[in-house]
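Use the sequences and the hints to build the structure in full.
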Amino acid sequence: MSDRMTTLIDTLATPRSASPISDRVSAALRDLAASLRNALPAVIALAVLLAIWELLCRGEGAALPPPSRVIADTWPLIVDPFFDHGGVDKGMFWHLAASLKRVALGFSLAASVGIALGVLIGQSSLAYRGLDPIFQVLRTVPPLAWLPLSLAAFQQADPSAIFVIFITAIWPIILNTAVGIREIPQDYVNVARVLRLSPLEYFFKIMLPATVPYMFTGLKIGIGLSWLAIIAAEMLIGGVGIGFFIWDAWNSSLVSEIILALVYVGLVGFLLDRAISRLAARVGGRTRS
Amino acid sequence: MTAPYLSLEAVGMDFGAGAKSVCAVRDVNLAIEKGEVVSIIGHSGCGKSTLLNAIAGLLRATRGVVILDGKEVDDPGPDRAVVFQNHSLLPWLSAYDNVRLAVDKVFRGRKSAAERHAWTEHNLRLVHMDHAARKHPDELSGGMRQRIGIARALAMEPKVLLMDEPFGALDALTRAHLQDTLMEIQGRLRNTVITITHDVDEAVLLADRVVMMTNGPAATIGAVLRVDLPRPRKRLELTEHPGYIHARAELLRFLYQRHAAPAADAA
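In the order they appear, the protein sequences are chains C and A. Residue 52 in our numbering is what sits at position 52 of the first sequence, and the numbering runs on without skipping anything. Residue 1123 in our numbering is what sits at position 123 of the second sequence, and the numbering runs on without skipping anything.
Derived by calculation from the structure, the hints in this document are not laboratory data. The model shown is predicted, which means the values in this text are computed figures rather than measured ones. Mixed in with the good hints, there may be bad ones.
So, partial list: chain C residues that the calculated Cβ filter (under 10 Å) puts toward chain A [said to hold, decoys possible]:
hint: 1; residue: ARG24
hint: 2; residue: LEU100
hint: 3; residue: GLN123
hint: 4; residue: ILE134
hint: 5; residue: ARG182
hint: 6; residue: PRO185
hint: 7; residue: GLN186
hint: 8; residue: ASP187
hint: 9; residue: VAL191
hint: 10; residue: ARG193
hint: 11; residue: LEU195
hint: 12; residue: LEU197
hint: 13; residue: GLU201
hint: 14; residue: PRO209
hint: 15; residue: ALA210
hint: 16; residue: LEU225
C-beta: ideal position from N, C-alpha, C; glycine also.
Shown next, in the form of structure tokens:
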């Protein structure tokens, strides 16, 4: 049915007159039709999954609530994400904002330090031989294993959480940046040598643009890991934040709230990933020919 | 007798050190006059590119010296601009910006920004690419990219223009167009040009002298052929020209009779 509908929209959208306004309208209609058609499979799949879930959890004594119950239970939270009753009794928006703030801080630190270290070990084979083995070992340490250590070092919850994000996100940024620098084509290096570019000119005109796609691969992995780590860290350190919200809901046996929080966590993680991809496409659209 | 503009004296190049070192090129002696076009031809692995890189300064000759305009060459520089085989334009810069980068670097302090802009556009016009100045390399065909590469090299006003199989990756028709453009520009500017090729016709068409390399390892100059064809050269008229046919035959005899490619590399 919907296929027929889109065909109908297509037919309606076919330009009949040469006037620019109707052209623009019909182009917009065509775009809309196309994006409807693209989104359709996802919408159907989601509906099917929700239906299965509803059927499985409908009966008496089901351990988890069905989607209809989740929505009914959490309706106040969904419609008012901005309430603030003090303490940790806040709307979803505030919890997410607190988590995102920690991620923003930790991730920015990781990005700056990670790119700098990546440039260092990508450039200097001595630094590479010295530091790479250490990085390879440290990067396999799970994020939460750093938490007790950082609590001991910082004595406070917030800096500890930020440090966990930093230490989680930094490894892929370092390693990808370093690979990018070592993969700079010899041709570009030769161009720089023939032109006698100074080290600073080389850095800005050749090295940075040639490495941008690799950096963004690292940043993309890093932001994903940060978001994973913050949820887990917040469960342990408490305070305002989506991770603690989930833990708190579990302690109060509010399973519906946990599910709502998971949906938000997934959506925010997805948006973060997309944001970095967008940025990468804008910055590094033409870095390889 | 005055010293030649560019001279290679007993140039040799070894790769690796100690017992494992391999001699790529040995005993190359060559004198090139200002405004001369020299083609270097030989089979794959004969050290043509090694030789060119030694003149460019990208590689340092392990024996002998390269002297350009009275100065020994020991590092790369814009007075020996290189046109690389695979254009090596920076993909994040437009055609104009690729050329402008070189112009800015070479003429900063000597030309004002407006003059550098005009000079960049002038060089793009020389290679007939002024219409594509704002395009990026990924929007250009192989031949167009190579034209921009040539414009970038010319814009440095090099003492000698070095071309490493500049048209090797192009189809025959595009290659012919670029050869014509190169001859047209060289006819006007009288650049000194060294071009590496493995194409017999290209060597004869472009060059005043063709340097034939023996097979590597330890390759050296096997013979030098002077091509006394009148300029400007027109490829259609040349095909019937006895001098052209003779030069072509000489090269073919050298490459396929006296120094046929080693069997292993022949494929």
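Here is how each hint holds up against the structure:
1. Hint on ARG24/C is violated. Least Cβ distance to chain A is approximately 26 Å, over the 10 Å limit.
2. Nearest Cβ of chain A to the Cβ of LEU100/C: about 31 Å, over the 10 Å cut. The hint is violated.
3. Restraint check, GLN123/C versus chain A: the minimum CB separation of about 19 Å is more than 10 Å; hint violated.
4. Checking ILE134/C against chain A by beta carbon gives a least distance of about 31 Å; that is not within 10 Å, so the hint is violated.
5. A distance limit of 10 Å between C-beta atoms decides the matter here; for ARG182/C the minimum to chain A is near 18 Å, and the interface restraint is violated.
6. At about 8 Å, the closest approach between the beta carbon of PRO185/C and any beta carbon in chain A falls short of 10 Å, and the interface hint on this residue holds.
7. Checking GLN186/C against chain A by beta carbon gives a least distance of about 9 Å; that is within 10 Å, so the hint holds.
8. For ASP187/C, the interface hint holds, the least distance from its beta-carbon to any beta-carbon of chain A being 4 Å, beneath 10 Å.
9. Hint status for VAL191/C: holds, given a least beta-carbon distance of 6 Å to chain A, under 10 Å.
10. The interface hint given for ARG193/C holds, since its Cβ lies 4 Å from the closest Cβ of chain A, which is under the 10 Å cut-off.
11. A hinted interface residue such as LEU195/C counts as satisfied when its beta carbon comes closer than 10 Å to some beta carbon of chain A; here the least separation is about 5 Å, so the hint holds.
12. Look at LEU197/C: its Cβ gets to within about 7 Å of chain A, closer than 10 Å, so that hint holds up.
13. The closest approach between the C-beta of GLU201/C and any C-beta of chain A is roughly 8 Å, which is under the 10 Å cut-off, so the hint is satisfied.
14. A cut of 10 Å between beta carbons decides the hint on PRO209/C: the least distance to chain A is about 4 Å, and the hint holds.
15. Hint status for ALA210/C: holds, given a least beta-carbon distance of 8 Å to chain A, under 10 Å.
16. A hinted interface residue such as LEU225/C counts as satisfied when its beta carbon comes closer than 10 Å to some beta carbon of chain A; here the least separation is about 28 Å, so the hint is violated.
Figure legend: structure checked against the earlier numbered hints; hints not met, in rising order: 1, 2, 3, 4, 5 and 16.
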